[in-house]
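Colleague: Turn these sequences into a full structure, and let the hints guide you.
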Amino acid sequence: MTSDIQVQALPVQGRRRSIDISWPTFALLTLVLSVLVLLPLFWLVYYSFRSDTGAGATFANYIALVADPTLLRAYGLAIGMALAVGVLACLIATPMAWLVARTDLPGRRTIRMLVTASFVTPPFLGAIAYEILAAPNSGIVNIMYRSVFGLEASEYLVNIYTFSGLVFAIACFTFPYVFTLVANALDKVPSDLEDASSILGGKSMTTLRKVTIPLVLPAMLAGTLIAILQALTMFGSPAILALPAGFHVITTKIWSLFQFPPRLGLAAAAALPLLIITVILLRAQKSILGRKGYTVLGGKSGTPRITELGPWKWPAIAFVFCVLSLTIILPYLAIIKTAFTGTVGDPINLSTLTLSHWRFVLFEFSATQLALRNTFLLGFLTATAVTAIALIVSYLVIRRSVPGSGFLGVLATAPVAIPGIVLGVGLFLSYANPTFQLYGTIWILLIAFMTIELPAGYQQMSSAFSGVHPELEEAGRIVGASRLRTLWDITAPLLRTSVVAAWCFVFVGTIRELSATILLTTANTKLVSVIIYDLNESGDLGAICVLGIILLAASFAVVFIANRVPVLGGSQMNTRG
Amino acid sequence: MWKKALSAALLATGLAASPAAWAEAPAPYQITPELVAAAKAEGKVVFYTATDVAVAEKLAEHFKSKYPGIAVQVERAGSERVFQRIGQEYSTGIYNADVIETSDAVHFEYFKRQGWLEPMVPQEVADKWPADERDPDGNFAAYRAHLSVIAYRTDLMKDADAPKTWEDLLDPRFKDKMVKAHPGYSGTVMTSTFVLSQLLGWDYFEKLGKQNIMQVQSSTEPPKKLAQGERALEVDGNEYNVFRLIDEGKPIKIVYPDEGTPLAVGNAAVLKQAPNPNAAKLFYAFLFSLDAQQLNSDFGGLRSFHPDVKEKADRTPLSKIKILHSDPEKLEPEIPTIKANYEKYFGT
Numbered sequence: 001m002t003s004d005i006q007v008q009a010l011p012v013q014g015r016r017r018s019i020d021i022s023w024p025t026f027a028l029l030t031l032v033l034s035v036l037v038l039l040p041l042f043w044l045v046y047y048s049f050r051s052d053t054g055a056g057a058t059f060a061n062y063i064a065l066v067a068d069p070t071l072l073r074a075y076g077l078a079i080g081m082a083l084a085v086g087v088l089a090c091l092i093a094t095p096m097a098w099l100v101a102r103t104d105l106p107g108r109r110t111i112r113m114l115v116t117a118s119f120v121t122p123p124f125l126g127a128i129a130y131e132i133l134a135a136p137n138s139g140i141v142n143i144m145y146r147s148v149f150g151l152e153a154s155e156y157l158v159n160i161y162t163f164s165g166l167v168f169a170i171a172c173f174t175f176p177y178v179f180t181l182v183a184n185a186l187d188k189v190p191s192d193l194e195d196a197s198s199i200l201g202g203k204s205m206t207t208l209r210k211v212t213i214p215l216v217l218p219a220m221l222a223g224t225l226i227a228i229l230q231a232l233t234m235f236g237s238p239a240i241l242a243l244p245a246g247f248h249v250i251t252t253k254i255w256s257l258f259q260f261p262p263r264l265g266l267a268a269a270a271a272l273p274l275l276i277i278t279v280i281l282l283r284a285q286k287s288i289l290g291r292k293g294y295t296v297l298g299g300k301s302g303t304p305r306i307t308e309l310g311p312w313k314w315p316a317i318a319f320v321f322c323v324l325s326l327t328i329i330l331p332y333l334a335i336i337k338t339a340f341t342g343t344v345g346d347p348i349n350l351s352t353l354t355l356s357h358w359r360f361v362l363f364e365f366s367a368t369q370l371a372l373r374n375t376f377l378l379g380f381l382t383a384t385a386v387t388a389i390a391l392i393v394s395y396l397v398i399r400r401s402v403p404g405s406g407f408l409g410v411l412a413t414a415p416v417a418i419p420g421i422v423l424g425v426g427l428f429l430s431y432a433n434p435t436f437q438l439y440g441t442i443w444i445l446l447i448a449f450m451t452i453e454l455p456a457g458y459q460q461m462s463s464a465f466s467g468v469h470p471e472l473e474e475a476g477r478i479v480g481a482s483r484l485r486t487l488w489d490i491t492a493p494l495l496r497t498s499v500v501a502a503w504c505f506v507f508v509g510t511i512r513e514l515s516a517t518i519l520l521t522t523a524n525t526k527l528v529s530v531i532i533y534d535l536n537e538s539g540d541l542g543a544i545c546v547l548g549i550i551l552l553a554a555s556f557a558v559v560f561i562a563n564r565v566p567v568l569g570g571s572q573m574n575t576r577g
Numbered sequence: 001m002w003k004k005a006l007s008a009a010l011l012a013t014g015l016a017a018s019p020a021a022w023a024e025a026p027a028p029y030q031i032t033p034e035l036v037a038a039a040k041a042e043g044k045v046v047f048y049t050a051t052d053v054a055v056a057e058k059l060a061e062h063f064k065s066k067y068p069g070i071a072v073q074v075e076r077a078g079s080e081r082v083f084q085r086i087g088q089e090y091s092t093g094i095y096n097a098d099v100i101e102t103s104d105a106v107h108f109e110y111f112k113r114q115g116w117l118e119p120m121v122p123q124e125v126a127d128k129w130p131a132d133e134r135d136p137d138g139n140f141a142a143y144r145a146h147l148s149v150i151a152y153r154t155d156l157m158k159d160a161d162a163p164k165t166w167e168d169l170l171d172p173r174f175k176d177k178m179v180k181a182h183p184g185y186s187g188t189v190m191t192s193t194f195v196l197s198q199l200l201g202w203d204y205f206e207k208l209g210k211q212n213i214m215q216v217q218s219s220t221e222p223p224k225k226l227a228q229g230e231r232a233l234e235v236d237g238n239e240y241n242v243f244r245l246i247d248e249g250k251p252i253k254i255v256y257p258d259e260g261t262p263l264a265v266g267n268a269a270v271l272k273q274a275p276n277p278n279a280a281k282l283f284y285a286f287l288f289s290l291d292a293q294q295l296n297s298d299f300g301g302l303r304s305f306h307p308d309v310k311e312k313a314d315r316t317p318l319s320k321i322k323i324l325h326s327d328p329e330k331l332e333p334e335i336p337t338i339k340a341n342y343e344k345y346f347g348t
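Those protein sequences? They're chains A and B, same order as listed. Under the UniProt record's numbering, the very last position in the first sequence is 577; numbers go up by exactly one each time. Under the UniProt record's numbering, the very last position in the second sequence is 348; numbers go up by exactly one each time.
FYI, nobody ran anything at the bench for these hints, they're computed from the structure. One or more hints might be untrue.
20 Å max Cα-Cα, derived SDA-like pairs, lysine to any residue [said to hold, decoys possible]:
id, chain 1, residue 1, chain 2, residue 2
1, B, Lys64, A, Phe260
2, B, Lys207, A, Leu272
3, B, Lys344, A, Phe258
4, B, Lys44, A, Leu370
5, B, Lys253, B, Glu167
6, B, Lys44, A, Phe258
7, B, Lys44, A, Phe363
8, B, Lys344, A, Arg73
9, B, Lys339, A, Phe260
Modeller: Pasting the structure below:
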């Protein structure tokens, strides 16, 4: 394949006539990324020192931040929740990753696929599914519990409207981050180290404890930190589960500050600590990974050693089945059930089955079409733009074609430290003014999504780039192709699997975004995630489930098609967090 | 407040001699073929509303069947959200909405002060509406009204056990059993919280906050939680949603407490910056037509100020209920206090 390309590349006009566009590209990208990342942060800081009553510069917002007990409580609860989610996700995901990667458990491929499905599920939809399943009185689980044991109506087994319920519901949809990282790390642990341990007389448990676990520890910690960050900055699930329970976390509290009359200065000041916590956590992750990075360098020196489970096979299957039931099977069944029956509490029989929610969503509810169109348009635009930018940036960074290109890499990674709601506040402050007038158009959403998704896209593309040896590109350059031409004719085709994977990843990420979106949409720029949230606030669960099914089916279809289109080459979706 | 500010301004400029030009509403208008044609040319009307989404969409459908060729974009959110949204949009120079409607009367005083509304009076309003229920300057009129009611599931709670008064809700037997909407989201609940805090004092809410109440947002939601069977009793919620669920056969009963039931009036108005001014004018007149008001009553369970609307026989008429009225001018300065106290006692 590469030789074909070289032959095509030969007749390209001589090198002298084409200008090397590395420099202009570099300058343009630096400008674009700086505007994307730095402008909202600048306005955030600026507004945090402005008085909401128009009285000029002030420290009042920061004083309120430490003096207002409701804000402090919201921060305390958010941090507690995030830590609990991290620990729980790690406890669920690690054994499961080991079982899937390193044992003879049946159906391992299917399990990995199902975990991917849990990753595609927007967390807010998961939270709503758990309202249907585990609300204390109308929750399906509690109804079954009462009827099985013949208990009174006031008894219940689980209550999702509690702090622990919230932690559980978030962990269910963040554990895939830990799972994927740990499973990938386990795939890579060289088996000769474990063989050495066995040869020296170590029993399998000793080997696991002294060799395997220390080797994947960095991946566990990294995954847990990502889960903590996700939980800390999540808006949808707490809004759905914590508010009914009567408490705020910091994201919902910031959102409430936008109620009219908006307290933008206080919102900006309240958002900044979230940014600082995120930066600290990411630094911690980096220092942990940096110190123990040797696992990644180990390389494959043999097929991963498979442990035979023997009699433990059945408990292992039960464990995995239990986790998958809680994270995929039960929530999806609950959503499907609610979409086809009158109200949540109804039993399933012929008289309660109805298509009324479908009729409402598809034919009566006027927001549906617009929201679906906006959602998928933005998904396509964001995925395409981010993949293109990430491709060029990672090329410039990895190949060091321009001095100072490392700075671009930093800019492209920086948004990872900006929580969605903070970015939402920052973008609102930057672009919702008569100068820009971007608020109310889909462009402000596109900017938000590009900023949010850039780190993920960049991370994927740059790791893919480091796998392509420069000699292929050099061959192209020697026969006279420009740098860009080489990139498009040689490197891009070699990377197409990764490009498709990154595209899908960004697409899915865009569709499930709510925390920045919620502050930036207007009537004409509604997204499906926002109308689901609106419908939740008025209690229309049936309509939500219909929209959720449409959203999920469409996302799966897009991912499936993107992976099957012949031009793009068949690839598997990569679910790295 | 508007009047105070206005007279001050007039005095200051020495124009106090001609206040009549300001205080008078524009002449009533009728739906003419020319108006319909002009509306059709625009092809669309954007309706920001706080009415339950199913009711609002039903109304939109009726409008579309009456005036084919004009699409209605219904943007439904809680009253306070609609208010927040229009505030955010107008402060950044975005003019999406044609007709606006919320159940918090304070909002319309605010819009009027800001000069965001286009005064106009449909003939029907001029002829039939009580003077109390429309703006003397013709900026807005009461499109709907509903009570915020206590209601319970008859299969989960015996009639004898059900509360009869607001004070009854503090009884320990209702702990963990109640659901309630939020004044930061719902105009209805903002109104009812204000009225009840005046009547019963904030210590009532402090005690109520200890009853472990499920907190939802919209006042359309507590009735739906009753229908789901998630809670047996609602502290507040739209009477019209309860009517609709009773019509669907759900075992729910309304309580009109002895101390009185808060009334929320939903005003509607046309915005000055409406992108589709003719369609807005037509839609606005349609909202007050007997047709639409009767549909609101039959399908939506809403109360109407149109004297010719016939209510279903099983509904208690307003004349038989002790009603607690709210004064938007007194409510407005209390909003920050209400929000802060509410967060203190209920957590959010």
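Colleague: Compare the structure with each hint and give your call.
Modeller: Going down the list of hints, with the structure as the test:
Restraint check: the Cα-Cα separation between Lys64(B) and Phe260(A) comes to about 32 Å, which exceeds 20 Å; the hinted pair is violated. Simply put, Lys207(B) and Leu272(A) have alpha-carbon atoms about 36 Å apart, too far for the 20 Å limit, and the pair is violated. For the proposed pair Lys344(B) and Phe258(A), the alpha carbon gap of about 19 Å is at most 20 Å, so the pair holds. A distance of roughly 14 Å separates the Cα atoms of Lys44(B) and Leu370(A); the hinted pair therefore holds under the 20 Å criterion.
Between the alpha carbons of Lys253(B) and Glu167(B) the distance comes to roughly 18 Å, so the proposed pair stays at or under 20 Å and holds. Proposed proximity of Lys44(B) and Phe258(A) is contradicted: the alpha carbons are some 30 Å apart, above 20 Å. Between Lys44(B) and Phe363(A) the alpha-carbon distance is near 17 Å, which keeps this suggested pair within the 20 Å criterion. Proximity of Lys344(B) to Arg73(A) is assessed by CA-CA distance (about 12 Å); at most 20 Å being required, the pair is judged to hold.
Between Lys339(B) and Phe260(A) the alpha-carbon distance is near 11 Å, which keeps this suggested pair within the 20 Å criterion.
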